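**Q** Produce the complete structure using the sequences and hints provided.
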Amino acid sequence: MIETSDLKKVYKNGTVALDGISINIPDRVTAIIGRNGAGKTTFARIVSTQLMPTSGNARVNGLDILKDTKKIRNIMVSIPQEASPIGVLTPMEQVKLFLVGRGMSVNEANTVSSATLDELGLREFKNSPSDMLSGGMKRKVFVCMALAANPDVVFLDEPTTGLDPISRFEVWSAVKQLKGDVILTTHYMEEAENLSDRVILFEKGKVLEDGTVKTLLSRFKGKVRVELHHGDNYDVKVGSMKIKYVDSRDAEDYVIEGNTVKAITLDDVFLIHGVEVES
Amino acid sequence: MKLNLKFSLLLAWYYGFRTIKRGPSYVIASLSSPLTLLFLVYIISRGELVRFAIAGGFIGLVASVALSSSGDAAFLRLQLRIQDLYVASRVTPSDYMVGLTLSYLIFSIPGIVLYVILGYFYHIFTPLSSIYLAMILVLLVISTSSISFIISGSISHVRNVWGIAGILSIIMTVLPPTFYPYTYIPKVALYALFISPATSAAVLVQGIFGLEALYLPALYIIIGETAIYFAVARLLTRWREN
Ligand SMILES: Nc1ncnc2c1ncn2[C@@H]1O[C@H](COP(=O)(O)OP(=O)(O)OP(=O)(O)O)[C@@H](O)[C@H]1O
Ligand SMILES: [Mg+2]
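So the sequences go chain by chain: A and Y.
Here the first sequence stands for residues 0 to 278, numbered as in numbering that gives the first Met the number 0.
Here the second sequence stands for residues 0 to 241, numbered as in numbering that gives the first Met the number 0.
Just so you know, these hints were derived from the structure itself, not from any lab.
Do not take every clue at face value.
No farther apart than 20 Å at their CA atoms in a straight line, the calculated lysine to aspartate or glutamate pairs in the EDC-like style are these [what the hints assert, rightly or not]:
{"no.": "1", "chain 1": "Y", "residue 1": "K5", "chain 2": "A", "residue 2": "E107"}
{"no.": "2", "chain 1": "A", "residue 1": "K11", "chain 2": "Y", "residue 2": "E240"}
{"no.": "3", "chain 1": "A", "residue 1": "K261", "chain 2": "A", "residue 2": "D234"}
{"no.": "4", "chain 1": "A", "residue 1": "K220", "chain 2": "A", "residue 2": "E208"}
{"no.": "5", "chain 1": "Y", "residue 1": "K1", "chain 2": "A", "residue 2": "D67"}
{"no.": "6", "chain 1": "A", "residue 1": "K7", "chain 2": "Y", "residue 2": "E240"}
{"no.": "7", "chain 1": "A", "residue 1": "K69", "chain 2": "Y", "residue 2": "E240"}
{"no.": "8", "chain 1": "A", "residue 1": "K66", "chain 2": "Y", "residue 2": "E240"}
{"no.": "9", "chain 1": "A", "residue 1": "K70", "chain 2": "Y", "residue 2": "E47"}
To give an idea of the chain A side of the interface with chain Y (calculated C-beta under 10 Å), a few residues [said to hold, decoys possible]:
{"no.": "10", "residue": "K69"}
{"no.": "11", "residue": "V105"}
{"no.": "12", "residue": "A108"}
{"no.": "13", "residue": "A148"}
The model shown is predicted, which means the values in this text are computed figures rather than measured ones.
C-beta: ideal position from N, C-alpha, C; glycine also.
**A** Okay, here's the thing in structure tokens:
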């Protein structure tokens, strides 16, 4: 459970990264989505006590991020977006070291690390130096740390960026096994839909949408997305793509006219906000 | 201060030994400057000051390895985001600093072995002096790597660290009287150079090995310096960024 009150972050160069975020995140798995630079990473870093807010406060399971820092750190794991393993260490060593840092015995850490790395498909590589791993494998090493520690609260900042489809499924299933609350950021709407009970849409440091996947999609009830190849009567334009939301009963007419018709996804929640609508 | 020593030791073991094993170039690089100076001192003094240079070699080696590690610590923090990972966990800045400091001590082992062999041939050791030397080197690695952490924690981009580390390495290891008798430099300059823990270490070592008169205040200076540099590093190791 995370509560924030009027959380603000202004970086030294004047960039306003968070512009007063007040939200409650009670659900088990929550996805934070938003365009590049929306403030997702800044939010995750502040709430996981890596970065000081400029003003405002937050609580994690009732613990104050400014006053109960130590207690929060005991119950959480936060995987940075750009984390990269130490090249000379093997995945086994990195995960083990992390677990021992969290107070596990070396023996137990050994067993748990090995099992978790196997589970995420790194069996063959777990004893090779990390600088010989591919980018996606490196990413998975960090997901393994979160999995193996299995704490009360987990922050995963873009855990599946750069992963192949199979690896992504492996990570998804691993996330589902985590016992604690999970807050993840992602650019994959499919991932947000698949994993999370709750979706929060950030834009320019503010919360634009906050709700279950179902409520977010409900405004599109009975509609489909048409990507127009003809005509200029659109709702949203992204680059040269023109999009119109129409009643699903009319879908056939649009198909016959040669347009592409698609089912509504979380992408559409994104689209109607993220893009200036010219009308 | 309660340390998670298991973590620090494991970090040092993995990071220190793996780096040596997988990148011998690192070892050669760390040996090159003390050995070059040893060679120069040997040639210029026609062999007369070689025992000073060997004694100082221990100091120069440990100090330069620990100082150049500021680049390393900055890399872990800014590029690999490893520090961030550990910030949000039970690991404390002291655990992390102790672990990395021990790694740097491990990085210096091959060089230390080489100097021990040289020292053996030039008969500079007694059993007691070797113990004192070991203790001084431990203080030195703590104080110099604290300076590294102060640098690495206060920069915002890795590229800034290499230059600073290079300059510092000269001030901290080449200028101090590590390779020649400390009585050669004017008193004023010597006092100024006490800012570097390598100076007090070198002065002490020359006394202990009977190469020069023992200047005991240097002992208090190095202990004081180590405590101060460590405390400042601990304070400035930005465990939570602003
Ligand atoms: N260290 C920093 N100093 C100055 N500005 C920063 C810093 N880190 C981030 N910013 C700025 O803050 C804003 C939010 O960045 P943030 O990294 O939180 O976005 P994000 O939503 O995670 O983006 P992405 O999807 O690309 O990861 C951006 O405008 C970014 O340029
Ligand atoms: Mg981000």
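**Q** State the violated hints by number, sorted upward, taking the hints as numbered earlier in the document.
**A** Going through the list in order, the structure violates hint 9 alone and respects the others.
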